[in-house]
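Throw the hints in and build the complete structure from the sequences for me.
Below, each chain spelled out in residue letters.
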Amino acid sequence: MISYFKEMFSGLNSLFTGMRITGKVFFKKPITVHYPFERMEVTPNFRGHTDMVIEKGFHKCITCMMCERICPSNCIRVIAEKPEGAKKKELVAYHLDFTKCSLCANCVEVCPTSALYFSHEYTLVGTSRHDFHFNLLERAKKRAAETGIVWGPPEPEPKTESEKPKKEAAAAPAEA
Amino acid sequence: MQIASSPNLLFIIAIAIVIVLYVFTNSAVLVLVERKVCGRIQQRPGPTEVGPFGLLQTAIDGLKLMGKQLIVPEKADSKLFKLAPVLSFVPPIVALIVVPFSKVLQVNDLDVGVLFIIALASLNVLAILIAGWSSANKYSLFGAIRSVAQNIAYEIPLLMSLLSAVLWVGSLRLSDLVEAQGGHWFVFNVFGFIGFCIYFITGMAETNRAPFDLPEAESELTAGFHTEYTGMGFGLFFLGEYTNMLLVASIATSLFLGGYNLPFFTLEGSGILLEGLRLLIFLAKVYFLIIVMIWMRWTFPRVRFDQLLNLCWKYLIPISMVNLAAEAIWIKALGGN
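Top to bottom, those sequences are chains A and B.
Under my numbering, the first residue of the first sequence is numbered 18, with each subsequent residue one higher.
Under my numbering, the first residue of the second sequence is numbered 5, with each subsequent residue one higher.
In case anyone wonders, no lab produced these hints; they're calculated from the structure.
Misleading hints may appear alongside valid ones.
[To be verified] On the chain B side, residues computed to face chain A include the following (Cβ under 7 Å): (1) Arg44; (2) Ile45; (3) Gln47; (4) Arg48; (5) Pro49; (6) Thr303.
Heads up, the beta-carbon is just placed ideally off N, CA and C, and yes, glycines get one too.
Written as C-alpha cells, this is what we have:
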C-alpha cells in the first residue's frame, strides 16, 4: 500500500519536473536561423573548394607545380608560361576539377607561398558537371573586381609586362 | 436566467450561427497557439511566414483543406465514412449550448445540464469507432479499437469526478453549480481538488490528446482513425478535437473553478459591463486550462496502452471512488452542505 502511494507521488513529481523544464524552455529565445534570409557564420575550419589568396591585388602562385604533383585525386592542372624577356614563369590558368577533389588539403599544406586557402562556399550548384571545373585564377580576378581591388602584379619591375599575362589569362578559359 | 423561454426558429438559427462561428475562430486560434507553444517549447519560433507573426497560417491551412478533394476509399462503407466526421464535430458544438459563459450568456439552462454534456461528449467515441470501422483500413481500425477501450475506461473516473461536484451542490443544472461556487470555488475544497485533478486527466484522455493520443498514434498507426480522411473530412475531426478541448475546459471551469466567479468574493448585480467582466473571467480560466493542456501535450511522451489502462484502473478509478464516498460521508455527517 505504501509503495502504491510512493509510486504515485514519484510519478507525479516526474511529470511536474518535465513541465517545469518545458516551461522554462518556453521563455527562452528560439535558436532558429531563418535560413534563406539569415545565414549562420561558417566555421573557419570549413573546407570548401580551394581558392587563390589575393595579396596586394595579385595571386601568390609561383607555378612550382607542387600542388599538381601532390594531389592524390589528380584534379589540379597548373598552366604556366614564360613570356619573352621575363625571368620567371607566369601563371596562365589554374584548373581545379572539383568533381574529383576530395578536400584532403595536401595542396594547401604543400604550397610554399601559401597561395591557396579553402573557400567557405557551401551553396555550390550547377546543372552540368562541367560547372565544377574551376579556373581559380579567373575566380580570383572576379573576386578582386567584386571587392574593388585593382588586379595586377605588385612589383614595379614586371609592370611593363603586366599587359601580357592579363591577355593570356583571359584567353585561358576558352582553351579550357 | 435564460435568453428566451420559448425559443423560436430565428433565435435558434442565430444562436447556431454564433456558436459555429465561435467554434471555428476558437479552433483556428487554438491551432496557431498550439503550434506557437510547441515551437517555443522546442526552441523554435513556430509559424512566422504567413501574415504578421504567422497569424494567417491557420486561415491558409483551412483554405487548403477546403480546397482538397474528398476521397472515399473504394472498399470503405461510404455512408458511414461520410457520417463520421460530422458526428465527431457536431456533438461538442451542441453541448456548448448549456455552458454558462456568463450569467446571461447561456443558451439553454437545462435541469440535467451535466448529464446532457456527458451524453454528447461520449458520442465522440462513436464517431471515432465509425470512422475507424468504415475506412476499411487496419490502422484506422486499430485506432478505433484503442479509442473505444480508452474511452470506456476513462468515462468511469470522469463521471465520478463530475459527480463529486454535483454531490456537493445537489444539482445537475450548470447555473446552480456555478452560482454555488460564488467566492468559494469547488477546487479549494479537498474533494473538489481531487475531483478536478481526475477530471482534468480524464478530460485529456477524452479529447484523445497526447499523452493519451493512442487512437491516432502517428508513430505506430500512421494517423489512426483518420488515416483515410482527406480535406475537410479530416478538417472536421480536427475542429472536433479543438472544440472538445474547449468543452472539457469549459466544464472544468464551470464545475470546479467557479465558472464566471472570482475567487473569495462575489460579483453581485447585472449590467452589460458586469456581464462582460464575467465572460472575460470565464474565458480566461478556459483558455488557461487549454494552454496547460497544450503545454502537457508537448511535454509528456505518449503512454503505452497497458500504462494507459493501468493509470485508469489502478489509480484514477479507486481514487475517484474513495473521493466520492468520503465526500458523501462528509456531507451526511454535516447534515447537508
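These are the hints, each one checked on the structure:
1. Arg44: holds (5 Å)
2. Ile45: Holds - the Cβ of Ile45 of chain B comes within 7 Å of chain A, reaching about 5 Å at its closest.
3. Gln47: holds (5 Å)
4. Arg48: holds (5 Å)
5. Pro49: At 4 Å from the nearest chain A Cβ, Pro49 of chain B passes the 7 Å test, so the hint holds.
6. Thr303: With a minimum Cβ separation of about 4 Å from chain A (threshold 7 Å), the hint on Thr303 of chain B holds.
When each numbered hint is compared with the structure, no violation occurs for any of them.
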